[in-house]
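Can you build the whole structure from these sequences, using the hints too?
Chains as they are written, first to last, in this note's numbering: chain B, 261 to 693; chain U, 6 to 434.
I should point out that these hints are in silico values taken from the structure, not numbers from a laboratory.
Among the hints, erroneous ones may be present.
Facing chain U, from chain B, some residues (calculated, C-beta under 7 Å) [unchecked claim]:
{"hint": "1", "residue": "Asn284"}
{"hint": "2", "residue": "Gln515"}
{"hint": "3", "residue": "Ser623"}
Just so it is clear, CB atoms sit at the ideal spot from N, CA and C, and this is done for glycine as well.
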Amino acid sequence: MNTNQINWDHMPGEENIVQAKLPNGIKILCKTDYLSPTVIISGYLQGGSILDPSEKLGLALFTSYALMRGTKRQSSRQLYHNLESCGASFGFGASVQSTSFGGKALVEDFPLIIDTLAACLLQPTFPPDQIHRLKMQILTGLQLREQDTVEMASLCFDKNLFPNHPYGTPEDGYIDTVQRIMPRDLNDFHQKFYGPQGMVIVIVGAIESNAAIDLIMEKLGYWENPNWQATPEIPEIPEIKKSLTVFIPLAEKFQVDIIMGCHGPARTSPDFLAASLGNNILGQFGMMGRIGEVVREKSGLAYYASTSLNAMAHGGSWEIAAGVNPANFDAAVSIIKDELIRFITEPVSEDELLDAKFSYIGSIPLSVESNSAVAGAIVRMERFGLGLNYLHLFPKLVDSISAEDILMTAQKYLNLDKLIVVGCGPTPANYNG
Amino acid sequence: MNQDFISEKLDNGLRIFLREIHAAPIVSHWVWYRVGSRDEVSGQRGLSHWVEHMQFKGTPKWPGSLMERSIARVGGAWNAFTHLDWTTFYETLPANQLEIALSIEADRMRNSIYESNEFEFERSVILSEKEGKDNDPFARLNTAVVKAAFSLHPYQNDIIGTDEDLHHIQLNDLDRHYQNYYQPANALIAIAGDFESQIILEKIKQLYQSYPLAVISRPTIKPEMKIESSKEILMYGPGDMSFIQVAYRSPAAADPDFFAYTILDSLLSGPSSLNMFGGGGISNRTSRLYRRLVEKEYAVAVSGGLQATIDPYVYDLSITLQPLQAPEIVLKKMDEEIEHLLTTKVKGKTIDRAIKQAAALFAYGLESVTNQAFWIGYSEMFANYSWFNNYLDRLRDVHPRHVLEVAQKYLHPENRVVGFYQPETAKEG
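Spelled out as C-alpha cells, the structure:
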C-alpha cells in the first residue's frame, strides 16, 4: 500500500492532540487547527438509555434534551438567544451507554459554548412548562416515526435482532413510555447518572490547547456528584435461533423499505476490520458494492440498496437496506439472499480486496477534512479505546486483512438460518407472510 | 472572503474557475451545466435528472464500472445533483488523483453512451426513487404547494418528474437533451484544493479544446414575479399529524431584494444555511415564528426555506402542528406575526444579528474544500462568484427600511399558497 500521499501533519494523532485529565475525572483532548476561524466541541458522559426503566423508555434521551430548557441562571430562551445571536450551535443527545454533546462557534464565541455546557450539566432546572412543551415535541416525533417506513423497519429489525436487550430498544422510547415521564424523573435521572467520572471533551479548531483546557478547568473542574451511580455493563446479547421475516403494512405509501441482516462484531472485536472491509465489498464500494450492482444496476429494482456495519461497544449488526416497489419485495429479498450466499461461500477476489484497501486508505484525508470530522474521529478513537494513533496505524491494519479473513468473518456473522428480514410499506400483492 | 482564484474562458465557451487551497492534500472538482428542471416542458418532466443518472453509465473510454472503481479505489467521493436551474457532478479526491476527475468529466461531457437496456433499468430506478420520496407526506404537500405557486413557469415541476412523464420518456428524448445541454458553452468547471493552477489549467485546455463551440437551444421562460392570488390546498392522509406549508414568492438571487429577504428569513424562522457540504445549521429557537407558534404551543416545529435561484421562486414556511390544534387557528397566529413584520420597521441590531449568523455559517463552510468548490460553481449558476464573495457586504448594506419594503412586497396574504395536510380522521370529523 502506498501511503506517501497522506499528509500526516493534518491527521489527528498522539503528536498533535493535547491531552489533559482534570482532578474530577474529566478527560480533555484538544487539537489546534487554524484552517477556519471556528471551534468544534464534541464529547460524552457515561450513562444512556441502558438506564431507562422499561416503563419509561426514552428517559435518558428526554433528560439530555431537557438540559437546555433552563438553568439556574438562564431561561431556555436566554440560552438559545446567546447561541443563535452569534451563529453558534450546541445540543445534547443520548445513545445506549452515553449522553453526548456537541456544538460549534466562531473562535471568539468559544467561551460561550463552554459556559453553556457547564450551566446545562451542573444547573439544569427542568421547568415544568418547558418540559411539557418538550414532551409534546418528542411525542410528535414518535408519531411521525410511526408513519416512516425506514424508521419502522429499523425499529422492528433491532427489536427482533436484540430481543429484550438495550440494543433492541429505541433510545427515544415509545409513545406510551414517554407519556409516563414526568419532570421529577428527569431531575432524578440527572441527579443519579450525570457526573464528571468518565466524561470526555474533545475540542478542535482555531484555539490554543492550553487556553481551551484552562477554560474547561475553570468551568467544570470542580464539578462533583457524590450521588453518581455507574452505568451497568451491557448484558450478553441473546442468540438468534432461527430466521424471521416480518412485514409491517403502512397505508398510502408507495415504496417498501427493507432492512435485513444478522448480528455483527463489536467495534473493539478483532473481527471488526475484516468485517468492515468485507462490508465495503458487499454493499458500499463505488455504487453500493455487490448488493448495489445486483439490485440496482443489473435488476433496476431499487434506487438504493446497500449494506452497513453498525458496530457498538459490545456487539452490533450487519445490515442490508433497500427501497423497492412492493411488487419487487420478494424478488429483491431473494436477490440479496443469493448475494449473501455467494459472499459466505467464496472468498472475495484479490482485485476486490485491493480496491477496498486502496479505498479505505485513500479516503483517510477526506475523512478528516473538517474540524467536525476530526472531532468525530477523536471521539471514536477515545470511546472505543482504539488509541489516538489509530489513524496512523490504520493503513497497516487494513493491509494485513486477507480474503480468507473476510470469508471467515462473513461466515461467522452472516448466517441465512438466523437472518432477520423486515419490510415496511404497502403490502405486496403476492405477500403471504 | 478570499478572492484568490483564477478564471478563464475557452474559445468553445467553457468557463474555468480554479482556487488553490493548500491546507489539506485534497482537491474537489465540479462540473456545472446550466440545465435543470426549468428547461423541461410537459411530457418531458424529469428529463434533466434522468440524464444525470445516465451520465454514470459510461463512455467508450470510461465504462461506468471503471469510473466508479477508479474514484472509489483512491478513496474519493463523487456524486451528482439536479436542481431547478442546474445539474452538477463532483469528485473530491486525494490531491494527487485529480487527473482521474479531469479525464472522466471531460470525456462524459460529450461521449456518454445511452444504451436502451440501461435506459429501461434506470427508468425503474428513478420510479423507485420517486416512490421513496412520495412515502413522505410532507414531500407530497410541498410538491403540490410549489406547483400551485406558479401559473406557467417550469419551477412548478417537481425535479424528479411526474409518474406519467417518467413512463413515457424515450431514449431519444434523453439523447437529445444530453446533446443539446452537455456542451462546453453551457458548462463551468470549478476546482478548489491542493493543486497548481497553471498546470491544471493547461490540462483542462488539452482535454476540452477539441470540443467545438455549440449553440444551446433552450425554452423561453418568463419569470413570474408574483403569486397572483391566494390559493389553498387541502391534503389528507394516514397518521395523526397535521402540517401547514405556506409559500410566498421569493426574489431571484441576483435581485437586490434577496439580501433583505435573507434578513427576513433569519428573523422569521432562523437563518437558512446555503452550504451544501459541511457547516450545519443554527437552531431557530429565538426566531419570531418559533416564539409565537412553538413557545405558545400551537406548533411543535417551524422552519423556513429560502433558495438562491435564477428566477423568482418560493420562500416556504413549514409548520408541524401540536396535536389537536386547529390549522386555521395556527395559520391565524402565523399571520399575526407576519402582519407585525409588515407594519413595523426592524431594528438595526436585528440586521447585525443576521449578519453575524451568516458570517458564522460562511466560516463553517470554509472547513470543507468540497464546499468551497461547490460555492464557486453554485454562485455562478444564478449570479456570479462575486455574489458569494460580496455576500456579507451586501447584507451589511441592508437598511431596516429596505427590510420593511421587501416584507410588504413579498409577504402579502393575498399572494401566497397555503397547503394543509391533515389526518384522514379530520376529514371524517
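Structure-based check of all given hints:
1. Asn284: Hint violated; Asn284 (chain B) Cβ to chain U Cβ min 30 Å, cut 7 Å.
2. Gln515: This interface hint holds because 4 Å falls under the 7 Å limit.
3. Ser623: holds (3 Å)
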